[in-house]
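Asks: Each chain is listed here by its residues.
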Amino acid sequence: MNIVVLLKQTFDTEAKIVISGGKVDPTGVTLVINPYDEFAIEEALTLKEAQGEGSEITVVTAGGDVAEQALRTALAMGCDKSILVSDEALDGADEWAAAEAVAAALKDVEYDIIFAGRIAVDDASGQVAVRVAEALGIPSVSSILKFETDGTVATVTREIDGGNEIIEVPLPAMLTAQKGLNEPRLPNMMGIMKAKSKPLEKKDLAAVGKAAGDVAAKFVIDSVSLPTPREAGTILKGEAAETAPELVRLLHEEAKVI
Amino acid sequence: MDFQYTDEQLMIKDMVRKFAEEQVAPGIEERDEKEEFPVDLWNACAELGLVGITFPEEYGGLGQDYVTYSLVVEELSRVDPSLGVTVSAHASLCANPIYMFGTDEQKKKFLPPLATGQKMGAFGLTEAMAGSDASGTRTTAVKEGNEYVINGSKVFITNGYYADTYVITAQMDKEKGNKGIAAFILEKDTPGFTFGKKEKKMGIRSSATYELVFENVRIPEENLLGGEGNGFKVALQTLDYGRIGIASQAVGIAQGAYEAALKYSKEREQFGQPISNFQITQFKLADMAMQIEAARLLVYEACSYASKYDRATNYYAAMAKVFASETANKVATQAVQIFGGYGYTREYPAERFMRDAKITEIYEGTSEVQRMVIAANILKD
Amino acid sequence: MANGIWIIIEQKDAVMKKVSFEMLSEGRKIADQAGEPLTAVIVGSGIAGLADEAASYGADKVIIIDDEKLKDYTTGAYTSVLNQAISSGEPSAVLIGNTAIGKDLAPRLAQRLGVGAATDVVEVAYDADKLLKFTRSVYGGKAVTVTSTEVRPVLATVRPNTFAVSEPDTSRKAETVNGSADIDPADLKAVVKEIVMATSTRPELIEAEIIVSGGRGMKGPENFAILEELADVIGAAVGASRAAVDAGWREEMYQVGQTGKTVSPTLYIAAGISGAIQHLAGMGTSKYIVAINKDPEANIFTLADYGIVGDLFEVVPLLTEEFKKLQ
Chain A
434 MNIVVLLKQT
444 FDTEAKIVIS
454 GGKVDPTGVT
464 LVINPYDEFA
474 IEEALTLKEA
484 QGEGSEITVV
494 TAGGDVAEQA
504 LRTALAMGCD
514 KSILVSDEAL
524 DGADEWAAAE
534 AVAAALKDVE
544 YDIIFAGRIA
554 VDDASGQVAV
564 RVAEALGIPS
574 VSSILKFETD
584 GTVATVTREI
594 DGGNEIIEVP
604 LPAMLTAQKG
614 LNEPRLPNMM
624 GIMKAKSKPL
634 EKKDLAAVGK
644 AAGDVAAKFV
654 IDSVSLPTPR
664 EAGTILKGEA
674 AETAPELVRL
684 LHEEAKVI
Chain B
401 MDFQYTDEQL
411 MIKDMVRKFA
421 EEQVAPGIEE
431 RDEKEEFPVD
441 LWNACAELGL
451 VGITFPEEYG
461 GLGQDYVTYS
471 LVVEELSRVD
481 PSLGVTVSAH
491 ASLCANPIYM
501 FGTDEQKKKF
511 LPPLATGQKM
521 GAFGLTEAMA
531 GSDASGTRTT
541 AVKEGNEYVI
551 NGSKVFITNG
561 YYADTYVITA
571 QMDKEKGNKG
581 IAAFILEKDT
591 PGFTFGKKEK
601 KMGIRSSATY
611 ELVFENVRIP
621 EENLLGGEGN
631 GFKVALQTLD
641 YGRIGIASQA
651 VGIAQGAYEA
661 ALKYSKEREQ
671 FGQPISNFQI
681 TQFKLADMAM
691 QIEAARLLVY
701 EACSYASKYD
711 RATNYYAAMA
721 KVFASETANK
731 VATQAVQIFG
741 GYGYTREYPA
751 ERFMRDAKIT
761 EIYEGTSEVQ
771 RMVIAANILK
781 D
Chain C
5 MANGIWIIIE
15 QKDAVMKKVS
25 FEMLSEGRKI
35 ADQAGEPLTA
45 VIVGSGIAGL
55 ADEAASYGAD
65 KVIIIDDEKL
75 KDYTTGAYTS
85 VLNQAISSGE
95 PSAVLIGNTA
105 IGKDLAPRLA
115 QRLGVGAATD
125 VVEVAYDADK
135 LLKFTRSVYG
145 GKAVTVTSTE
155 VRPVLATVRP
165 NTFAVSEPDT
175 SRKAETVNGS
185 ADIDPADLKA
195 VVKEIVMATS
205 TRPELIEAEI
215 IVSGGRGMKG
225 PENFAILEEL
235 ADVIGAAVGA
245 SRAAVDAGWR
255 EEMYQVGQTG
265 KTVSPTLYIA
275 AGISGAIQHL
285 AGMGTSKYIV
295 AINKDPEANI
305 FTLADYGIVG
315 DLFEVVPLLT
325 EEFKKLQ
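Chains as they are written, first to last, in the numbering used here: chain A, 434 to 691; chain B, 401 to 781; chain C, 5 to 331.
Honestly, the hints are just simulated from the structure, not real lab data. All residues carry an ideal CB built from backbone N, CA and C; glycine is no exception. Take these hints with a grain of salt, some might be off.
If you anchor each label on the Cβ, the simulated ranges turn out as follows [claimed, not checked]:
1) 543/A <-> 620/B: 52 to 60 angstroms
2) 422/B <-> 204/C: 27 to 35 angstroms
3) 300/C <-> 596/B: 43 to 51 angstroms
4) 298/C <-> 581/A: 55 to 63 angstroms
5) 204/C <-> 674/A: 26 to 34 angstroms
6) 674/A <-> 17/C: 39 to 47 angstroms
7) 690/B <-> 599/A: 56 to 64 angstroms
8) 171/C <-> 581/A: 47 to 55 angstroms
9) 56/C <-> 663/B: 54 to 62 angstroms
10) 745/B <-> 668/A: 21 to 29 angstroms
11) 629/A <-> 712/B: 25 to 33 angstroms
12) 298/C <-> 434/B: 50 to 58 angstroms
13) 174/C <-> 663/B: 40 to 48 angstroms
14) 620/B <-> 581/A: 49 to 57 angstroms
Mimicking BS3-like on lysine-lysine, the simulated pairs with C-alpha atoms at most 25 angstroms apart in a straight line are [what the hints assert, rightly or not]:
15) 223/C <-> 434/B
16) 73/C <-> 22/C
17) 708/B <-> 629/A
To give a feel for the contact side, a few chain A residues facing chain B, derived at Cβ under 10 angstroms [stated by the list, open to error]:
18) 463
19) 505
20) 623
Make a model of the complete structure from these sequences and hints.
Replies: Dropping the structure here:
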């Protein structure tokens, strides 16, 4: 089986956000594979292992040169080859532009199934994977918790509000991973050492058959700012017999929420 | 000279850190409290390839250098020094002497399962009456036909009971003193080989420390390691490399304690502001950071010799070990101080690091012995 | 002339979801500011009866797309019919709830329309040039962006519980039309075989007005009973921190945080939750935050409007008793 994983490199979730020049400053920030994309990689690896010989995983990302690190980590985890779509014209790309670029890169790749994370923890927009599916003209199921396939149809459990649904979808299809799908493995030492010699193909827009004008962003970010800090609250200390009734009184009389 | 890690080393550091924080950190207080050895975590280390880093690939290792080994032990110890020493003792004190002194047959037989972690290793040198002075070795080996018969006991053996393969020393000819000592590879489940007391320790409480007991243990002659009379040399050279592991463990302890104190100093408020605002705290933190960095660089210098199996490892590893272990103790003690009263309680990790740090000044050669080694190197001409 | 603000109504079994009322209420305000009509689009099966309700919350026009095949949401079928409706109706803006359905639908629909989308927005407002500005919370709540576009239509999904629901006016009437329910067969590839809803009498996490969440400090799964008792007295949903979910004490669907649900209730009560940055990412926009923790240094207190430093096992049952007295 040919398996594709879409990956995004994001800030570590612990990262402190500094804004300079109207943008989030990446200086000194630890970059990691988006946590949800790790679930996608793990599911791809599990599928590849179940399929045995002849299966291959291609991991694809769009970003700057620094995103190579994330691809190397995915290769160290066991993916086989990787593509980095990198082009200055993609600076400031919105979800539409990123999806167009990634979908274009996938035109030359054979795939039976594509896994991606359901959302990236940086811009939290949760769009690109689904848009790529649309651009490729394949079905997609978002936020999956369980996955099985007989090779032609995937049976997945999708999380919905207040429950789950079981969906059958013919392959090729895009599936986006929700937490709970699996426990991602760590790359091991052997994997890290092998990663260096695995293919990492860098493509600019021209190489995927797009011009800068094809990926002009639809949305513009007008401003980025730090959230207004919440005002200091009322913290009660002492015996529970006194603090508990006082809290209830405050919620009832001051905040008027109960 | 370049002070940068390679891309691979950075990836390895990240991986081990993630492993340590996500899988090793949970339950650490309980393991410390109950003095439980975590077999599952050992197995996880083996699966990740952390236990045979420096050995050639033909023997199941990874063919990586000692800096890589050091950073792995450091990252494990930054979270759990007990797990750090488990890996260090296994690799440096058991697999490494077999690699350095073993015959081709011995290496082919014993190294791959050790390097891949299918088997765990331990090293039996210390005895009740033979600590820093190996000439006090009372465990005896007597050749009978094509076997050696071992009698005696070893104390304070890290990985004892859990390890599958042991490198031990025994006296064959008391007249010859150190030159009468021989080293052997001993497998668990050999008749007559049993485990005595489990030590109750001040720190590194979830590492296993046992007494080894030999009652007419028969070891086949092909398990003699390094030749009769060479056991003392085997032990000394083994310890040169072992000290790199302990020094790395010490750097990890210092780093873990320092980071905990740094974080706490920014959260803890006194006199209306975080204590990190006070110069007295800042100077403490600056000293801690500086000492750790210096210790780490000295360890890496020792690593650069060890990677080449250079004799100078002896000198640099001794310096690295004494400096790093003393740094670990200073830093962990200061960390407790920064935590104040909370630092003295088991609610916070500082006191555990402080307890764990002490042993690094003692095992695999006390700080006093390290200074003897350093002095001997300086004065040898 | 722009053809108005459209609200994609989310319903289940012909009952409108709370976020639909929120969007109609807010949509009405925006439409009035722009001098544009407000249109509600209701997709489903047997849902024509919802038109009056949509009108009473502000819709000037209701488009009903009613078909058996649209009974359960599927990405393809919903994208197919909404793409046709939007392409022919040419609204200036389309609001969708940031629910499991909306999160899946919006990007697919936007890509097909060749337009941008702002997801999980927490504020919608016109600027001086009558351009809609969408405020989003990014980097786990550690930064805020304002985005906009001149490309029409603009799609946005709005975070549930963000907008207030206005009083319905049953005298309001809306023009009701039927939209095309033709579905491109290529959009019918994925098939829903089964829907399994969690059996809970409590509100759904993302639309609950009050949430009581427990973390590592709960010490074990059995202790969540005290939170459930409290929740049932005040009509709350019960959430959990990642620590509690990873420990296996609560199911993943109840996790609040960066790798869980993003919630924005009126009142969020955090019991035994230290307040890791990843947890704050999921609940930082709650109107009131209450923290109960025995550690006075716990990070959650920096965010809390009200806090109690104390043993939650003593405090929570007392709170339950006190709330009972209010009823």
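Asks: Work down the list of hints and note, for each, if the structure agrees.
Replies: Hint-by-hint comparison with the structure:
no.	hint	verdict
1	543/A <-> 620/B: 52 to 60 angstroms	holds (56 angstroms)
2	422/B <-> 204/C: 27 to 35 angstroms	holds (30 angstroms)
3	300/C <-> 596/B: 43 to 51 angstroms	holds (47 angstroms)
4	298/C <-> 581/A: 55 to 63 angstroms	violated (44 angstroms)
5	204/C <-> 674/A: 26 to 34 angstroms	holds (32 angstroms)
6	674/A <-> 17/C: 39 to 47 angstroms	holds (46 angstroms)
7	690/B <-> 599/A: 56 to 64 angstroms	holds (59 angstroms)
8	171/C <-> 581/A: 47 to 55 angstroms	holds (49 angstroms)
9	56/C <-> 663/B: 54 to 62 angstroms	holds (58 angstroms)
10	745/B <-> 668/A: 21 to 29 angstroms	holds (22 angstroms)
11	629/A <-> 712/B: 25 to 33 angstroms	holds (30 angstroms)
12	298/C <-> 434/B: 50 to 58 angstroms	violated (24 angstroms)
13	174/C <-> 663/B: 40 to 48 angstroms	violated (58 angstroms)
14	620/B <-> 581/A: 49 to 57 angstroms	holds (52 angstroms)
15	223/C <-> 434/B	holds (19 angstroms)
16	73/C <-> 22/C	holds (24 angstroms)
17	708/B <-> 629/A	holds (24 angstroms)
18	463	holds (9 angstroms)
19	505	holds (7 angstroms)
20	623	holds (5 angstroms)
Comparing the model with each numbered hint stated earlier shows that hints 4, 12, 13 do not hold.
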